[in-house]
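Peer 1: This is what each chain is made of:
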Amino acid sequence: MVYRYTESDLLKFPQKYQRTPFEGIEFINNYKNSRRVILEDIKSKIDVGEISDEIRILSLELDKKSEGDNILTKEFLLKCLSQKEKNDEIDNLINKLLKKFEINKKIFSEYDFRKNKQSEDFEDMQNYILFALICTTKFHNTKNLKFLNTLLKLNDIICSRINSITTSSERSLVFHVLSFELSYIEELLKMKIE
Amino acid sequence: MSMSIGIILTPDERSKAYIQKILKNNIQLDYIILMNDHRVENKFSSEQIQESLNNGFDISISVIDTLKDRNIDYKEFPFVDINHPKLIEYLETISTEYMIFTGGGILQHEVLSLGIKFIHLHPGIVPEYRGSTCFYYSILNEDKAGVTAFIMDEHLDTGDTIIQKSFQKPHYKYIDEVYDPYIRSETLIELLTKKNLMPTNFVEQNPLEGETYYIIHPILKHIAILSCISND
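Chains as they are written, first to last, in this note's numbering: chain A, 1 to 194; chain B, 195 to 426.
Just so you know, the hints here were simulated from the structure itself, not pulled from any lab data. In this text the structure is predicted, and so the values were computed from the model without any measurement. Hints are not guaranteed to be accurate.
[Stated by the list, open to error] Computed Cβ-Cβ distance ranges for the label pairs, DEER-style:
#1 37/A to 306/B: 27 to 33 Å
#2 252/B to 144/A: 49 to 55 Å
#3 267/B to 12/A: 37 to 43 Å
#4 114/A to 403/B: 21 to 27 Å
#5 114/A to 387/B: 20 to 26 Å
#6 390/B to 84/A: 46 to 52 Å
#7 37/A to 240/B: 55 to 61 Å
#8 232/B to 47/A: 42 to 48 Å
#9 392/B to 87/A: 51 to 57 Å
#10 306/B to 1/A: 54 to 60 Å
#11 288/B to 119/A: 45 to 51 Å
#12 47/A to 365/B: 31 to 37 Å
#13 30/A to 397/B: 53 to 59 Å
A virtual CB, placed ideally from N, CA and C, is assigned to each residue, including glycine.
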């Protein structure tokens with residue numbers, strides 16, 4: 001049995017996760033193996049960098065800024081990741097982005113939350129990786145399962161398109177988000193089952 | 195003055211539990227509506243059927259069979275859509291104060307403006323658990339689940355609450371098929387038998403408080419279910 005939720009490109013064939021079947025502990029083991037294969041592959045090909053260094057590299061590469069009410073998703077996500085203090089406005093926008101993602105399982109490059117509009121481009125994998133990183137931080141800080149739930153879905157998308165993620169910075173960050181996710185799941189399993 | 199109350203059923207496990215328990219408890223309803231899209235009904239294993247029987251309903255009997263077997267008068271529509279114009283047209287012709295709606299989602303303005311109070315049984319204690327598949331989150335967080343009966347409004351799970359009821363997590367794995375219909379139907383029967391439908395007792399919610407959850411990922415769902423059966 002394989003972990004089927006990353007078998008096809010989830011941006012082309014979005015997964016709704018409605019009434020998914022229960023398949024026992026074997027399902028969890030298959031999920032863990034599937035994630036580990038990707039982690040081992042990344043580790044065998046690159047020197048995994050520190051999160052802060054990779055974020056700095058992605059910030060330097062940013063070539064476009066938000067204008068008017070439009071939020072440039074990547075700029076916003078990078079800003080969230082550099083924010084040290086709690087900021088209600090940013091938290092509110094993260095929740096809005098999370099809701100949008102949960103509805104259509106896509107992250108668009110630009111949003112205008114006031115007009116409830118977004119751009120058409122949703123294939124920039126950096127946005128999924130950065131939002132996954134934010135979800136790990138939010139779950140770590142709050143233990144709110146809403147963030148772990150979204151993290152699992154984001155990572156399913158990332159794993160389903162792993163071959164399109166090529167730069168060392170992106171792959172380093174993928175390594176971190178998958179490692180965090182696995183450790184949170186291990187912890188939850190230990191707490192609830194073992 | 196006695197109040198008038200009806201129910202809108204759909205061809206699913208939840209409606210099976212609702213109508214079977216309503217009939218078992220001799221509760222009289224003024225209107226019974228069946229939205230029936232003639233979908234292929236789910237098949238259940240003998241273990242699932244037995245578990246549903248242990249919880250006071252028979253998951254293998256369809257809603258329409260229950261209604262026909264008991265010679266119940268009902269109005270049938272060939273769709274499952276609470277906002278459908280044909281349903282609205284019919285609801286405009288009847289006089290009922292309350293309507294229990296077995297489905298979820300958001301009612302559009304046309305339905306809300308009919309003046310009928312639609313009651314939804316949401317499987318989560320609000321405002322802490324709004325949104326989808328809340329019982330799984332609640333089982334993971336607190337080893338229990340809850341149901342809130344509320345009057346539906348134009349937003350998601352923010353209407354005035356009528357009653358709330360907590361349930362221990364089950365010791366079986368059929369959460370979607372049995373436990374969800376069980377906890378909702380038990381709350382419905384309590385609502386209908388204990389004269390809880392008093393607007394003076396309804397509690398207004400603050401829509402800004404609480405948490406909204408989204409459909410649960412299969413990994414979290416598995417951990418929740420395994421936590422239910424792991425102590426057996």
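Peer 1: Could you run down the list of hints and mark each one as holding or not?
Peer 2: The hints, checked one at a time:
1. Roughly 51 Å separates the CB atoms of residue 37/A and residue 306/B, a value that falls outside the hinted 27 to 33 Å.
2. About 38 Å separates the C-beta atoms of residue 252/B and residue 144/A, a value inconsistent with the hinted range of 49 to 55 Å.
3. In this structure, residue 267/B and residue 12/A break the distance hint of 37 to 43 Å, their C-beta atoms being roughly 49 Å apart.
4. Residue 114/A and residue 403/B have their C-beta atoms about 23 Å apart, which keeps the hinted 21 to 27 Å range intact.
5. At roughly 47 Å, the beta carbons of residue 114/A and residue 387/B sit outside the given window of 20 to 26 Å.
6. Taking the beta carbon of each, residue 390/B and residue 84/A are about 49 Å apart, inside 46 to 52 Å as hinted.
7. Separation of residue 37/A from residue 240/B is about 38 Å and departs from the stated range, judged on CB atoms against 55 to 61 Å.
8. Between residue 232/B and residue 47/A the beta carbon distance is about 60 Å. The supplied range of 42 to 48 Å is therefore violated.
9. Taken as a hint, the range 51 to 57 Å is violated for the pair residue 392/B and residue 87/A, whose Cβ atoms sit roughly 44 Å apart.
10. As the Cβ distance of residue 306/B to residue 1/A is approximately 46 Å, the hint placing it in 54 to 60 Å is violated.
11. Range check, residue 288/B to residue 119/A: about 46 Å between beta-carbon atoms, so the 45 to 51 Å window is met.
12. Separation of residue 47/A from residue 365/B is about 49 Å and departs from the stated range, judged on CB atoms against 31 to 37 Å.
13. At about 45 Å, the beta-carbon gap between residue 30/A and residue 397/B misses the expected band of 53 to 59 Å.
Against the hints set out earlier in the document, violations occur for numbers 1, 2, 3, 5, 7, 8, 9, 10, 12 and 13.
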